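Chemist: Sequence:
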Amino acid sequence: MKTLIIKYLPRGERSHTKKLLDAFLEEAKGQDIEILDIAENLPDMFNPVSLIGYLQRNYGGQKLSDAEAKSLARMDEMTAQLKLADIVVLATPMYNFSLPAAVKAWFDSVMLKGETWDMSPDGYKGLMTGKKALILMASGGVYEGDMSSWEHAMSLAKIEFQFMGFDEVKGLTISGANMDAKKLPEKVEKGKAEIKKIVEEWY
3 MKTLIIKYLP
13 RGERSHTKKL
23 LDAFLEEAKG
33 QDIEILDIAE
43 NLPDMFNPVS
53 LIGYLQRNYG
63 GQKLSDAEAK
73 SLARMDEMTA
83 QLKLADIVVL
93 ATPMYNFSLP
103 AAVKAWFDSV
113 MLKGETWDMS
123 PDGYKGLMTG
133 KKALILMASG
143 GVYEGDMSSW
153 EHAMSLAKIE
163 FQFMGFDEVK
173 GLTISGANMD
183 AKKLPEKVEK
193 GKAEIKKIVE
203 EWY
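Counting from 1 along the sequence shown, just add 2 to a position and that's the residue number in our numbering.
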C-alpha cells in the first residue's frame, strides 16, 4: 500500500499543521511513503500554451506539439504520482479562509480529464476509486456558527478529492490556533489521538 504525502508547510517547525503530519508519520512508520513538498517544488499553473494543449489533448484527443507537451510535463508527472498512491495525505494551513495558492495549483495540476476524472452519460465520474484521502489542517480562527460560511479550505479540499472519486475522505483541523495558546496543546493531542485511530483503521 503506497502513501503519498502532499505538504505545504512554509512555516517549518512553527507550523501547527506540521505537528499533525509528524504524528501521522510516526504512526505510519514502516509504510511505503512518498513525500511531495510543494513549498519547495511549486506546481505549475496553466498558461496560454499549457491550457490550450490540455484542452486539445484531454478533451479533443489531439496530438500535442513538443512545446505543448513540455508545458504539461510537470502536471502529468504529478498526476501520475497521485494515481500510483492508495492513500493521500494533504498537510496544509488555511490562508485567508481558503487553500494556499500552491495547494490549489496542485489540485489544478492533477484534476485532469481522462486521468483522475471523466464524463459519462450520467455526468461527472471520478476515476480515483479505491483510494483514501486525509486532510490535515490548522487555522488561526474558529469557523463555526455564524463564521462557518467563511470556511473554504477544508470544505474545498474535501470536494476536490470526492470529485476525483476517492472512496473515503477525512479531514482533521486544529482550529483557533492563534486565539488561545493555553488550549493549543490539548487540541494537538486530540488531533494526534484521532490520527492514531485513522492509521490503525487504514493500514
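Rather than coming from a laboratory, the hints here were simulated on the basis of the structure. Computed from a predicted model, the values in this text were never measured in an experiment. Every residue, glycine too, gets a C-beta built ideally from N, C-alpha and C. Some hints could be false.
[Claimed, not checked] Computed list of lysine-lysine pairs in PhoX-like fashion (alpha-carbon distance at most 20 angstroms, straight line): (1) LYS199 / LYS189; (2) LYS85 / LYS199; (3) LYS189 / LYS4; (4) LYS31 / LYS160; (5) LYS194 / LYS106; (6) LYS72 / LYS115; (7) LYS72 / LYS31.
[To be verified] Derived CB-CB ranges, DEER-like: (8) GLU28 / TRP152: 49 to 59 angstroms; (9) TRP152 / ARG13: 35 to 45 angstroms; (10) ALA103 / LYS72: 38 to 48 angstroms; (11) ASP39 / LYS72: 37 to 47 angstroms; (12) GLU188 / LYS65: 52 to 62 angstroms; (13) ASP120 / LEU158: 17 to 27 angstroms; (14) LYS4 / LYS72: 43 to 53 angstroms; (15) ARG13 / GLU146: 17 to 27 angstroms; (16) TYR97 / GLU191: 38 to 48 angstroms; (17) LYS185 / VAL51: 11 to 21 angstroms; (18) ILE161 / ALA41: 43 to 53 angstroms; (19) LYS198 / LYS65: 15 to 25 angstroms; (20) PHE165 / ASP78: 34 to 44 angstroms; (21) LYS72 / MET149: 20 to 30 angstroms.
Chemist: Taking 17 to 27 angstroms as the stated bounds, is the beta-carbon spacing between ASP120 and LEU158 within them?
Modeler: 21 angstroms, holds
Chemist: 52 to 62 angstroms was suggested as the range; check whether the CB atoms of GLU188 and LYS65 agree with it.
Modeler: 57 angstroms, holds
Chemist: LYS189 and LYS4 were given as a pair; does the straight-line alpha-carbon distance stay at or below 20 angstroms?
Modeler: Distance ~29 angstroms between LYS189 and LYS4 Cα, so the pair is violated.
Chemist: Can the restraint linking LYS31 and LYS160 be considered satisfied, given a maximum Cα separation of 20 angstroms?
Modeler: 25 angstroms, violated
Chemist: Could you tell me whether the CB distance from ARG13 to GLU146 stays inside 17 to 27 angstroms?
Modeler: Holds, at about 24 angstroms.
Chemist: When you take the CB atoms of LYS72 and MET149, is the distance between them in 20 to 30 angstroms?
Modeler: 44 angstroms, violated
Chemist: Taking the beta carbons of GLU28 and TRP152, is their distance inside 49 to 59 angstroms?
Modeler: 32 angstroms Cβ-Cβ, so the 49 to 59 angstroms window is violated.
Chemist: Check the following: the C-beta atoms of TRP152 and ARG13 are separated by a distance inside 35 to 45 angstroms.
Modeler: Violated, since TRP152 and ARG13 (Cβ atoms, about 22 angstroms apart) do not stay within the stated range.
Chemist: Taking only the CA atoms, is the gap from LYS194 to LYS106 under or equal to 20 angstroms?
Modeler: 26 angstroms, violated
Chemist: 43 to 53 angstroms was suggested as the range; check whether the CB atoms of LYS4 and LYS72 agree with it.
Modeler: Distance hint for LYS4, LYS72 is violated at roughly 28 angstroms.
Chemist: Please work out if LYS72 and LYS31 have their alpha carbons no farther apart than 20 angstroms.
Modeler: Violated - the C-alpha atoms of LYS31 and LYS72 are around 36 angstroms apart, more than 20 angstroms.
Chemist: Quick check: does the Cβ-Cβ distance between TYR97 and GLU191 fall within 38 to 48 angstroms?
Modeler: 25 angstroms, violated
Going down the numbered hints, you'll see the structure goes against 2, 3, 4, 5, 7, 8, 9, 10, 11, 14, 16, 17, 18, 19, 20, 21, while the others check out.
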